[in-house]
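Chains as they are written, first to last, in my numbering: chain W, 51 to 347; chain B, 51 to 347; chain F, 51 to 347; chain U, 51 to 347; chain P, 51 to 347; chain R, 51 to 347.
Treat the hints loosely; a few may be bogus.
[As the list claims (entries may be wrong)] Using 20 angstroms as the maximum straight-line C-alpha spacing, the simulated SDA-like pairs for lysine to any residue come out as follows:
#: 1; chain 1: R; residue 1: 55; chain 2: P; residue 2: 182
#: 2; chain 1: R; residue 1: 91; chain 2: P; residue 2: 68
#: 3; chain 1: W; residue 1: 169; chain 2: R; residue 2: 119
#: 4; chain 1: P; residue 1: 182; chain 2: U; residue 2: 67
#: 5; chain 1: P; residue 1: 91; chain 2: R; residue 2: 67
#: 6; chain 1: W; residue 1: 126; chain 2: R; residue 2: 91
#: 7; chain 1: W; residue 1: 205; chain 2: R; residue 2: 67
#: 8; chain 1: B; residue 1: 118; chain 2: F; residue 2: 55
Everything labelled a hint here was simulated from the structure, so no lab data went into it. Note that the coordinates shown come from a computational prediction; the quantities given were computed from them, not determined experimentally.
Protein chains: 6
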Amino acid sequence: MVNQKYLDKAEVLIEALPYIQRFNRKIIVVKYGGSAMTDEKLTRSVIQDVVLLKLVGFKPIIVHGGGKEISRWSEKLGIKPQFIDGIRVTDESTMEVAEMILNKVNKKLVAQIESLGVKAVGISGKDGQLLKTQRKYSNGKDIGYVGEVKSVCPKILQNLLEDDFLPVVCPIGMDDEYHSYNVNADDAACALAKAMSAEKLAFLTDMEGVYKDPKNPKSLISELHVREIDNLISNGNVGGGMIPKLLDCQDAIRHHVSRVHILDGRIPHCLLLEIFTNKGIGTAILGDEEKRFYEDK
Amino acid sequence: MVNQKYLDKAEVLIEALPYIQRFNRKIIVVKYGGSAMTDEKLTRSVIQDVVLLKLVGFKPIIVHGGGKEISRWSEKLGIKPQFIDGIRVTDESTMEVAEMILNKVNKKLVAQIESLGVKAVGISGKDGQLLKTQRKYSNGKDIGYVGEVKSVCPKILQNLLEDDFLPVVCPIGMDDEYHSYNVNADDAACALAKAMSAEKLAFLTDMEGVYKDPKNPKSLISELHVREIDNLISNGNVGGGMIPKLLDCQDAIRHHVSRVHILDGRIPHCLLLEIFTNKGIGTAILGDEEKRFYEDK
Amino acid sequence: MVNQKYLDKAEVLIEALPYIQRFNRKIIVVKYGGSAMTDEKLTRSVIQDVVLLKLVGFKPIIVHGGGKEISRWSEKLGIKPQFIDGIRVTDESTMEVAEMILNKVNKKLVAQIESLGVKAVGISGKDGQLLKTQRKYSNGKDIGYVGEVKSVCPKILQNLLEDDFLPVVCPIGMDDEYHSYNVNADDAACALAKAMSAEKLAFLTDMEGVYKDPKNPKSLISELHVREIDNLISNGNVGGGMIPKLLDCQDAIRHHVSRVHILDGRIPHCLLLEIFTNKGIGTAILGDEEKRFYEDK
Amino acid sequence: MVNQKYLDKAEVLIEALPYIQRFNRKIIVVKYGGSAMTDEKLTRSVIQDVVLLKLVGFKPIIVHGGGKEISRWSEKLGIKPQFIDGIRVTDESTMEVAEMILNKVNKKLVAQIESLGVKAVGISGKDGQLLKTQRKYSNGKDIGYVGEVKSVCPKILQNLLEDDFLPVVCPIGMDDEYHSYNVNADDAACALAKAMSAEKLAFLTDMEGVYKDPKNPKSLISELHVREIDNLISNGNVGGGMIPKLLDCQDAIRHHVSRVHILDGRIPHCLLLEIFTNKGIGTAILGDEEKRFYEDK
Amino acid sequence: MVNQKYLDKAEVLIEALPYIQRFNRKIIVVKYGGSAMTDEKLTRSVIQDVVLLKLVGFKPIIVHGGGKEISRWSEKLGIKPQFIDGIRVTDESTMEVAEMILNKVNKKLVAQIESLGVKAVGISGKDGQLLKTQRKYSNGKDIGYVGEVKSVCPKILQNLLEDDFLPVVCPIGMDDEYHSYNVNADDAACALAKAMSAEKLAFLTDMEGVYKDPKNPKSLISELHVREIDNLISNGNVGGGMIPKLLDCQDAIRHHVSRVHILDGRIPHCLLLEIFTNKGIGTAILGDEEKRFYEDK
Amino acid sequence: MVNQKYLDKAEVLIEALPYIQRFNRKIIVVKYGGSAMTDEKLTRSVIQDVVLLKLVGFKPIIVHGGGKEISRWSEKLGIKPQFIDGIRVTDESTMEVAEMILNKVNKKLVAQIESLGVKAVGISGKDGQLLKTQRKYSNGKDIGYVGEVKSVCPKILQNLLEDDFLPVVCPIGMDDEYHSYNVNADDAACALAKAMSAEKLAFLTDMEGVYKDPKNPKSLISELHVREIDNLISNGNVGGGMIPKLLDCQDAIRHHVSRVHILDGRIPHCLLLEIFTNKGIGTAILGDEEKRFYEDK
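When you get a sec, could you build the whole thing from the sequences and use the hints?
What follows is the structure, encoded as structure tokens:
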């Protein structure tokens, strides 16, 4: 007789059926950063998840950060960090280092994905003019080559997806003078999700999700309607780091991304768990258009 | 913290990665018959398996039998079965009933597949002249409208796969005078696997597989090289029913089907278990070309 | 010198020119039923006509009935017919028989078409979810698995036409629970003509056409404007059987089918005569959009 | 009751079925010249035939001459014809007139075809470098700008057929210096039939066909095997004008044109009669590859 | 060291960069007539220019006249010209000659272009029904087969451009009875530019361009806004021959042609000079949509 | 009158015609390194040349080095260079820096190309597994992560060219364990030229070309047949640095690259001068297949 263990395995695969079906050929943009990027085992689990999503029919796009690596190398190179309003001032030489490091991280991800048998292509927002940026000011103060996305030219991403590659994007763009700018990876992921009409946008973070009351760990919100975001922010219920992320979520949902996921990147396979089971990992943000698919399961 | 159960689920999905990768866009012909067809729960598990194979990127084709239903209805209609050499003589009226019943079974499978969200199309070997047949004689004796496959015109199957349908084929063909003939479902599946250059051919049977010594239940052969088949047959080690099946296996492997599986259709999800895990269910037949993929896992 | 007979033949072909030109690559849905289906010689003439239409550039689709065969086999199987308001009550077992018989008829047509060298594919409304149905009530009374068309998913028909097959459709659909329903063949033909944006819809009937005065055989209407249908019905000038057919005509014309033909299927080659000559066989129904093409000839 | 006349018409259309089927999407090159070109009624019948062939699925290409018109205009312009070995010497000014007249004839044919509703495009062998020629000598004597086909660049014809136009070709080519040369229309038609892998090549002539004995009008050969041509010529059984035509036939058949027809262009609709009936008009030349299709009818 | 001459050459090529870039894959219709057509050296320079435009990525279409040749041949043939309001009356025989001559000119251009290695196809407005015309009256007086463009069916031009041919069009069209009409080449070029959504329309003329004051050779207008045309005409500042040309310009600009050039065809390579340098040759007419591209260079 | 200067400009463009024609849609691989990379003005001239080549119809691919930058940054980071046989030993941290720097250079080139209006995409040999490498030993000694090309998977380059991007490749590959390896840029360029069936391969160097006698500056070889290379090397006539380059040339020519150019990258626009004029800059290496195109000009 066949061992129960095997039958259980088959059941797990069968359970994934409706999710695989629902998201077939849909684009999912994964913002990859935080612990999931520095812990080797977590890294491997994220790569495996993304590769699996691709193989079962999704069209994933990875947008990655690299903050800690940039700091580490800047230090090595004797570049002293300067901050204005808590944001790192990105002068010419910092920008140069940032670009080098982000590209290094980018190609390392490419190699890791390819070692699992899927062909990846690492690009930055400069390739094919993917990300056009303009200088971003912090409360009116110049903080250097920090850019905000002005426009997206998604042709290169579309072509790579059509040609069956898995695109890995590093968040550097150019302004009208073709100078490089560092772009916040969350913002870049959000801009690409909008431009590519993604079905999903997932942020891998170092938090469990969004809380009703940040002091109460039991108040984690599983599902948040886009309308509730303004309230949550104005009530002072969410901390500083979460606010721009929530504004990105709002922006994405309003531009027809069906669902945004704020996931705890510290949990192995959090992407698979969120997408293929009805056990919510973190917080899902959705709008009116989203048919309550997960609830029906 | 996330429950271990969920992490285990994620692991199962991750384990399926190399198999999904390997068989992406490959054609698998599934001969569906026996208990797996009469037991409702088993039927559902087979349908789920095939639908999952399709969703993760395979191109499955179902070829089904319907022997028991034909007998049941023949009886209802007062047609007295006649046998020569243990083969049912198929006169005009038996053929008429057989065609009706097989088409009924065919459309029922279509409905079951569609209820899981995949579009299926049920055809017979007459559609688009898929199966051209000629009369088959049993030791020189005429047994009526029993056909053997003379040629295959695979265009309709190719078109349906391109158009993303799941084809369900009932094993009836036509001779040069456009008369209907009943074809053995194993033979039809084998002919289609060859004509479609399938990667795999899987027979769902009511046996556990092939035994070295049929009297010793522990002698089940997990993996059989195509070269060993002749020996096995001439040694008298395999029973009557298994011989034509093994000859089909031999034929398929020699025409570049990579691997043929003789599966125990009585085990739920036997298709998934065989394809997605390295736990062999039944007997796999393979030739020299097949790289020992499963062994390496 | 060349015999006059041959020159006359050439003339007939030349006369067909404007019609062939006009209807090149247009879809024509042919509802095939009645005597044309039971008389062998008439059957052959219909098949020849449809095959010729295909070869000279039309895209014909056949929708067939099978009422008499169903009655004959129900009787054989000892199923006692029940009627409500003159409509056969279709219980589970009647539906089962109906489906078997219609599929048998379907595949027989496929074989006949293929014997003339054109590749046909026989499908039912269940394949590719072509016909989604809902239960139809007769004056509020439940008459079983008799369905009315709720929606059409024409992809399978479109794909078969693109792939150069001649589709033969048997009028069985599924409800939302994937149960089979018998659909009136006229209604199915009408629904498919609308969904496929057919140029023409032709009903082969056992009548000469529509009469102004059913008692006066000389009052046959050659051409009927869609606006006149309501009047004709309310005046009591058309008999019971014709009313639903005329409502289908009305429905089709209003959904941009250019012309509906009610033909006398008892006349050999009635389809060719109606389409390729300006001798009207039966009654043509047309709307305002239809340019008076035939009149100009 | 329907008039017998109409039923007969239907029968004629049905009789055309196997021919339409056989030659579907096949290329037929028609050399159009002689009486069929000067008699207005015959012209119309040829145009109708070619248009019908196109509409029922052939891909016809017309190659036309224009000898009589050239003579008429040369005279008008006071150009005195010179002959060597019975071939008109084509000096610079004769070539100029010939090109003007052939193009005039070409565009007139285009207009006539379009008046029947089919889009035609008139080109010469200079367009797209369709016909590259070299000077032809008559027994070593220079006869001016008379060319023989050196190579064919069929791209423009292939593109026009793909784009659904009916190409009309006037037989003028260019040499390596891009000077215009007059090419014999039979030779041009033969060269194009070979380069386009035509199924058929038809010469409209002013003769009834090829005779075994030119003095005996009853000795018309209906079907001639390509092997018999050499014999026929060496026996002196065929007249001077027919010899180059027969050599073209031989050349075409040996380059895989299935059948060449030498037709009597003075018979209205001779093309249709030859192709759509088994009554041979003129002489058909065929090789071993040609399956005896007409005989089986 | 490399000679300065070569470095200068490289600079010229580099200077052409922005122009090549800007007009990549854009359609430019060139009306070719006047001295540029009768002087052999100028002819060669125009052909070279057009061929270069094609090779660097433009999609040029040539529309040519042939007035002088028509007069010369009419005379030769003893046709006495008749004029009404200064326009040649085009009777049947004049039309016949005109068509012959224009086609002769057309094929000569084709040969010249092909001698430079680009494949050209010469068509008239009759091919593929490119130009449908109606009779044009001069102040109500019938001047024969002189047509104005009623509609354009651009399919043949689109197909030729897609298939990478350079189309050469002679300005003859047909009316609804399929009779040939002579069309003014400027008007034909304008109609085709509009129908093909051309980027540019260039008239090669025998004038330097448009003058503010025709008596003052220094008053040449380099750039004219479409709004100024009406004024210029009503002020009597432009001569008779220029008025219809300016109305064509106005018409073209208003139908989204970006820029119309009235060039001095007597200057060698005037097309290249106008398009690839910021030295204006003649007068450019433009509307509001045109971004002042040349000015920025 | 038009200034002679402008007419001269037109002449230069016209002179480029045959070269543009000849190399239309051909692939040219440009190895970009040396002074042309460090001098800003030369950089700009190379970028302009490549952009122009693309715009007039070539399909250029850039492969770049970055040696000097790598040294500069290694120093900055306190990595002490080690050499074996004059080759830098590439340990883990050197490889890390090399990858960062080469990617930085890569993206800078992308930005510069895009500032000229052409869309570029910068990839490394890791993307899409373009370059698979294996460890290269120097006389049997391990010199670290220095790779030689084992195989090329050109799909990503083919796709980028099809999608109209200009690919910029940095010469880093991966071994079977997906570890990064530095590849000599000349070797990478040669491997890609072979795999892409390039028409041309051009090396921008800091030498004038190949000399018969390195001591005699007048002995520069303009054109070298591939057969002469072995001789040249064995005679000791070429210096150390040139030998591997010449072996690459030999390899490329033998794999059907038509012509390899060793250019003096210190001359502005050396690429244009070499390709668009018959003035040889440096040395061209060619085989038997190359038709002596330049000589005929």
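Next on the checklist: If you test the structure against every hint from before, which numbers come out violated?
Outcome noted: Hints 1, 3, 4, 6, 7 and 8 contradicted; others consistent.
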